[in-house]
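Kindly generate the complete structure, drawing on both the sequences and the hints.
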Amino acid sequence: MIGQSLTALWQGFGVALEPHNFIWSFLGVLVGNLIGVLPGMGPLSAISILLPLTYSMHAVPAILMLAGIFYGSQYGGAIGAILLNLPCHPPHAVTCLDGYPLTRAGKGGTALGITMVASFFAASFGIVVMVFASPLLVSVAFKFGPAELFAIMLLGLLAGGTMASGSPVKGVSMTVVGLLLGAVGADSTSGTIRFTYGLTQLSDGVQLVALALGLFGVTEFLRNVNRLHAVGSGTKVRLRDMRPSKAELKQAFWPIVRGTSIGTLFGAMPGTGPTITTFIAYALEKKISKHPERFGHGALEGVASPEASSHAKTQIDFIPTMSLGIPGDPVMALLLGALLIQGIQPGPQLLSDHPDIFWGLIASFWIGNVLLVLLNVPLIQIWVKVLQVPYRFLYPAALFFISVGVYSTNNSLFEVGEVLVFGLMGAVFVALKFPIAPILLGYVLGPMVEQNFRRALLLSHGSLKIFIDRPISVAFLSACLLLLLGQAYFATRAGLKRRRLGDALPTPPKMSEALAAESASNINHAIVSPAVRGRDK
Amino acid sequence: MKVGSGRVWINAYTRDYYGGALMMLIGLGAVVQGWGYKVGSLTAMGAGFFPVALGVILILLGILNAVCAKRQPGTEQAGEKLPSEWRGWICILLSVAAFVVLGKYGGLLPATFAVVFISALGDRENTIKSALILSVVMSVVCVAVFWWALQLQFPLFTWG
Chain A
1259 MIGQSLTALW QGFGVALEPH NFIWSFLGVL VGNLIGVLPG MGPLSAISIL LPLTYSMHAV
1319 PAILMLAGIF YGSQYGGAIG AILLNLPCHP PHAVTCLDGY PLTRAGKGGT ALGITMVASF
1379 FAASFGIVVM VFASPLLVSV AFKFGPAELF AIMLLGLLAG GTMASGSPVK GVSMTVVGLL
1439 LGAVGADSTS GTIRFTYGLT QLSDGVQLVA LALGLFGVTE FLRNVNRLHA VGSGTKVRLR
1499 DMRPSKAELK QAFWPIVRGT SIGTLFGAMP GTGPTITTFI AYALEKKISK HPERFGHGAL
1559 EGVASPEASS HAKTQIDFIP TMSLGIPGDP VMALLLGALL IQGIQPGPQL LSDHPDIFWG
1619 LIASFWIGNV LLVLLNVPLI QIWVKVLQVP YRFLYPAALF FISVGVYSTN NSLFEVGEVL
1679 VFGLMGAVFV ALKFPIAPIL LGYVLGPMVE QNFRRALLLS HGSLKIFIDR PISVAFLSAC
1739 LLLLLGQAYF ATRAGLKRRR LGDALPTPPK MSEALAAESA SNINHAIVSP AVRGRDK
Chain B
106 MKVGSGRVWI NAYTRDYYGG ALMMLIGLGA VVQGWGYKVG SLTAMGAGFF PVALGVILIL
166 LGILNAVCAK RQPGTEQAGE KLPSEWRGWI CILLSVAAFV VLGKYGGLLP ATFAVVFISA
226 LGDRENTIKS ALILSVVMSV VCVAVFWWAL QLQFPLFTWG
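These protein sequence lines are chains A and B, in that order. Residue numbers for the first sequence follow the numbering used here, so the first one is 1259 and each next one is one higher. Residue numbers for the second sequence follow the numbering used here, so the first one is 106 and each next one is one higher.
Honestly, the hints are just simulated from the structure, not real lab data.
Only pairs whose alpha carbons sit at most 25 Å apart, straight line, appear in this in silico DMTMM-like list of lysine to aspartate or glutamate:
#  : chain 1 : residue 1 : chain 2 : residue 2
1  : B       : K209      : A       : D1462
2  : A       : K1401     : A       : D1614
3  : B       : K234      : B       : E190
4  : A       : K1504     : A       : E1551
5  : A       : K1643     : B       : E230
6  : A       : K1401     : A       : D1611
7  : A       : K1365     : A       : E1506
8  : A       : K1691     : B       : E190
9  : A       : K1545     : A       : E1506
10 : B       : K143      : A       : D1462
11 : A       : K1401     : A       : D1727
12 : A       : K1548     : A       : E1506
Covered stretches of chain A, as calculated for chain B (at least 3 residues, CB under 8 Å):
#  : stretch
13 : 1445-1455
14 : 1645-1654
15 : 1687-1696
16 : 1719-1733
Here are a few chain B residues that face chain A, going by a calculated C-beta distance under 10 Å:
#  : residue
17 : D121
18 : T148
19 : G160
20 : L166
21 : G193
22 : K209
23 : I223
24 : A225
25 : E230
26 : V246
27 : F251
28 : L255
From a predicted model like this one, the values you see are computed outputs, not experimental measurements. We put the beta carbon where it would ideally sit given N, CA and C, even for glycine.
Given below as structure tokens:
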């Protein structure tokens, strides 16, 4: 089997290196990197803005380009986090903790270099795991019936909701809202039109791009307008600074390895987002360090380990997305949606039906990572400049691209209106402290969850026992139960403790509160900025 | 700029009540709507079964959310004093709405100009002049990239 995988991978490299595919992959990495660097834009907004561009392409270059965008924007986000203390993507909130102090100490270049090494190492490791684990998983996955698939999706949804950020109850609520949005339109079994309120344009369902751009574009602008100001940090990053010294590499080596293993471990669990992974990696480094007091003041380990873990994690996340068709986090959900739009159903059949996509994608991951390293070394100067684009010019331009991009998907102005509605909806949810990312996960999985649930009960003639009779589904359902009980236990314990000690106790930073940390650092930023703002005038 | 003065509509407490209430409202809506489609039984599920089930779950979650609001006072106090940005919010929403309306009754060029110009006015540091310059630049980009290069099916000027 391993030999077979390697041969297939070799062919995959052939596919990915075809000039036509390679150019799109390269463009994806470049543009993704550019958008990721822009303040306030994360991978989700980068992918959703560029998604319409890929509609007219063939499936293979389209997905290669999207993967490139994803990589590029993820790395681009790290640049903003390290140089400007601006985490545009929640997983980078941790990177800020030590990356920004390093920049202030004049070692921003080194931090970027280490990040590059860490992400490259972690991604390469993740790709190797993916090459060997995916065929194994696929061979198991063929035995999955609707009951098993339903149980796995349920676990993914629950984990995605409870571990997103902030309160688990709110996260799960948002997942359910997403599931409801997925139910809009014609029901696949009976053809009944649901929740369209007389709007015929909705009978095909809510558009993925409109939803994603509303939630991650317009909502973000609403949240950041007049609050986010690009600050020229005056950082000069030279090529020479980016090459870490031997001692620094040695210092970062084990943290990178540890971060990678944490990322791999968590990648195997559906639904756990990259944010929580980075927090755990950071906490572990701090715990085992001989000098924990250095953390937060520019410890190289605090940058290396979380970055490695998030890259390993996202890499491993592709395994369930591609081989089961079950996305692990919102970014994966978006990529899955893009594949569905191309008419490709990810799942066990993907490997046999579209080996060119599957193996080409894996090969392009590696190529994308190499490209990232090659690109970022010469372009870092330009990225530093891009970082200083004032937000007041950035968001109007982005709004235009969003409007035109959504229009171009189906040549329909109605969908631009959808963006507006979802943007407003997302803003209300954000104001009420609901995490919005699980909505997308629920939306993409919604129709699949419903279909598999109905099929399972059709097979069992309406007996819910089918979910308990099958060993695999029982295992996943008990994992769901454990997850819920665990969350309830931690919530009540934390609540009791707080009541006993009163409010005087500063709440310990919870791992799941990445968003809180993110907004806090944004605020921090807004306070700092007026003094320096003159620079961008 | 004192925003915290007067009545505080949204704080950690009430936010969870509003949030819970909103979830219950959405859930209730789903149940009522879903009931209209055929619900059926476990053996033969209708189109309404799944939405109704989700609605019920959402109502329960909403209640749970409101109950939990009592339990966690003062957890998110820090960094909560963000002023409202009505100007920015209204401008952003208006700009997208303007794109939709002007796209129908005007064409791509007026719509592009409007979306950039109106949203740019939302930022307090943008002057009318800088907003104008930005929207002219974006209009040029739009014509060059989308109309000329990508041949987008969207007339530059149209009426209705």
